[in-house]
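J.: Chains as they are written, first to last, in the numbering used here: chain A, 1 to 363; chain B, 1 to 363.
Simulated from the structure, these hints should not be mistaken for laboratory data.
Just so you know, not all the hints are guaranteed correct.
[Unchecked claim] Straight-line distance between alpha carbons at most 35 Å, and here's what the computed DSBU-like set of lysine-lysine pairs gives:
#, chain 1, residue 1, chain 2, residue 2
1, A, Lys12, A, Lys266
2, B, Lys230, B, Lys289
3, A, Lys104, A, Lys12
4, B, Lys40, A, Lys302
5, A, Lys127, B, Lys289
6, B, Lys292, A, Lys331
7, B, Lys104, A, Lys79
8, A, Lys331, B, Lys230
9, B, Lys127, A, Lys331
10, A, Lys292, B, Lys79
11, A, Lys331, A, Lys289
12, B, Lys3, B, Lys104
13, B, Lys302, B, Lys104
14, B, Lys302, B, Lys266
15, B, Lys359, B, Lys331
16, A, Lys40, B, Lys40
17, B, Lys230, A, Lys40
18, A, Lys331, B, Lys302
19, B, Lys3, A, Lys331
20, B, Lys230, A, Lys302
21, A, Lys104, B, Lys292
22, B, Lys331, B, Lys40
23, A, Lys40, B, Lys17
24, A, Lys40, B, Lys331
25, B, Lys331, A, Lys79
26, A, Lys331, B, Lys201
27, B, Lys17, B, Lys40
28, A, Lys289, B, Lys79
29, A, Lys40, A, Lys168
30, B, Lys148, A, Lys79
31, A, Lys331, B, Lys104
32, B, Lys302, A, Lys127
33, A, Lys104, A, Lys7
Okay, here's what each chain looks like letter by letter:
Protein chains: 2
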Amino acid sequence: MFKILAKSSISKARAGKLSTPHGEIDTPAFMPVGTQGAVKAVTPEQTTEIGAQIILCNTYHLYLRPGLDVIRQAGGLHKFIGWSGPILTDSGGFQVFSLAAIRKVEDEGVRFSSHIDGSEQFLTPEKVIEAQLVFGSDIMMPLDECVKHPSTRSESLTAAKRTTLWAKRSLTPLIPLSTKWRGVSEGRGEVWGIVQGGMYKDLREQSAEEIRELDFPGYGIGGLSVGEPKEMMLEMLGISTDNLEYDKPKHLMGVGFPEDIEEAVKFGIDLFDCVIPTRLARHGAFLTKEGKSIIRNARFEKDFTPLEEGCDCYTCRNFTKAYIRHLFIAKEILPLTLMTIHNLRFYMRLMDDIRNRIKGGTI
Amino acid sequence: MFKILAKSSISKARAGKLSTPHGEIDTPAFMPVGTQGAVKAVTPEQTTEIGAQIILCNTYHLYLRPGLDVIRQAGGLHKFIGWSGPILTDSGGFQVFSLAAIRKVEDEGVRFSSHIDGSEQFLTPEKVIEAQLVFGSDIMMPLDECVKHPSTRSESLTAAKRTTLWAKRSLTPLIPLSTKWRGVSEGRGEVWGIVQGGMYKDLREQSAEEIRELDFPGYGIGGLSVGEPKEMMLEMLGISTDNLEYDKPKHLMGVGFPEDIEEAVKFGIDLFDCVIPTRLARHGAFLTKEGKSIIRNARFEKDFTPLEEGCDCYTCRNFTKAYIRHLFIAKEILPLTLMTIHNLRFYMRLMDDIRNRIKGGTI
């Protein structure tokens, strides 16, 4: 269930509360990414302390490894990974099309070899939802087809059409469960619809309309931030959300940089996920309001200030740049954790700030 | 200051309390190793939660990198690394002789090239103490010469003699500081003496006597667990401690496996340090009362029990073998942290148990 608590008067930005079987999320929210069932380099306890209310895991990765059998026997994904808050699981579409060696995509499904062991796999929209039902995900995403940029109109059309077809078939596994299948009330997660359409205005519009007709309780906006210029991304985003109900929650999949998030919020986006903060951290880059800095830089050798003045994260409360730099150079494991904590907290503070500005009417 | 609180009636085992400028330690105690200024893969917060009251850092490593300048300007080692509890710093002797390319060892000091950048370095006993004064270590260890096993009598004698010579010279940097130099009272750490003597009974005895004459407030027993059979280790340990005052605290340097610790306690050892629990964890091995197990083992694929039944650590309270195995196979960073927490807590519980058994008179 999604409740809008405050609306901007100058844009489509809104602050709200999304209820899921595993808890509530203040939106707009950022979801740390735990691709393989763990937010990289931090414990669930640290993830909670950072302020994250929901994490994202990848259906594609978890389906391949450890596999459904293990997760089913563990009692679902939450129990398996020791995270008691909400989980959104990605459809796997983006991962199949970016990581795996595709053999054949047809309306029936996608045949590919696993990036892990080369084994041949066949995913269908039904299987993808069945997997997420096994996980017990709070928000499930249907299998979609994501095209790269640039793509031809014909490629984009085929992918968008197939995404709609697959979205319809995603409902099949839910039918025996309940007639009212989108039910937090039954303690089961929701399936959201994904909008595609590449970088073609009319295809975006058409995709949004087709998906809207299926009356999903929320939406993922897919296929953006795949290499297109920022203006194009925002234009396509606007067309996508303009053609969906204002009052349903929307997730801009895989986006993005802090400035992208700021902009996307104005188009009515409520959920974000991105590997940027965690990946940058492991590569030695930390985020501040001034941008990105490289901790190994010699100018930090004797810098005994925190990564960011005023940051309230565990790292900034206890450690200096000089120390974290030393640990990075010494190839320790701890700085990966410390930098991840800071970068994620930076994103959480950004979202706090965005929510406050929406409530204050200044966004 | 060291206070013995309970004595075994059947061995030299004792339970006590060691006071340092940064806090008290219940002994016998195990010190997690933070070679480069960080216990590998865990935060200071996690180290505290595990129950560690003191950690060990390496003078050799920190002297080479980040160097004294950085640590001095940071305000000392505790501030630099964000650990407010006691720190014992190792002399560097063992590391020089095991890691560096030795150029020349003479009575004056040891010339070697750094294992980090090949730079030529010259360490003297005075420099080693001066470094530890910069660190602000709670317990400082003098430069010593450690021989490998087997070594000839002549090699062992030379090293033991030099260790005594260097122990005397270790006091020089302390003279200007205070006439009463071993002073918790002054808020400064203590220098302890190191006993060597290789695997020769009379040399061990002689070394202990020479070091004892210098009236250090505590002792390190060095040069053991360097490849000799366990019976020989315990024999040499017994000779070393028999020739030192019973009521002064003693550290068995770099030892060891749980069973070694049990045995060494009976010879009156109060402090232990070893990389075993942390290193095993990073290599995928976890410890239980039954011994060592490899988490990648296929039999753990669907094992939804904690690493050790009854363990109270964060890892065992929240995660299963199946999950940690999955993370190891998926090459995540988190399992290194989770396994380190468990293995260190395993050691802490061992020490709790040993202290309780001493107090209960059953050791």
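J.: Hints broken by the structure, by number, lowest first?
T.: Per hint list: 3, 5, 7, 12, 13, 14, 15, 17, 19, 20, 21, 23, 26, 30, 33 violated.
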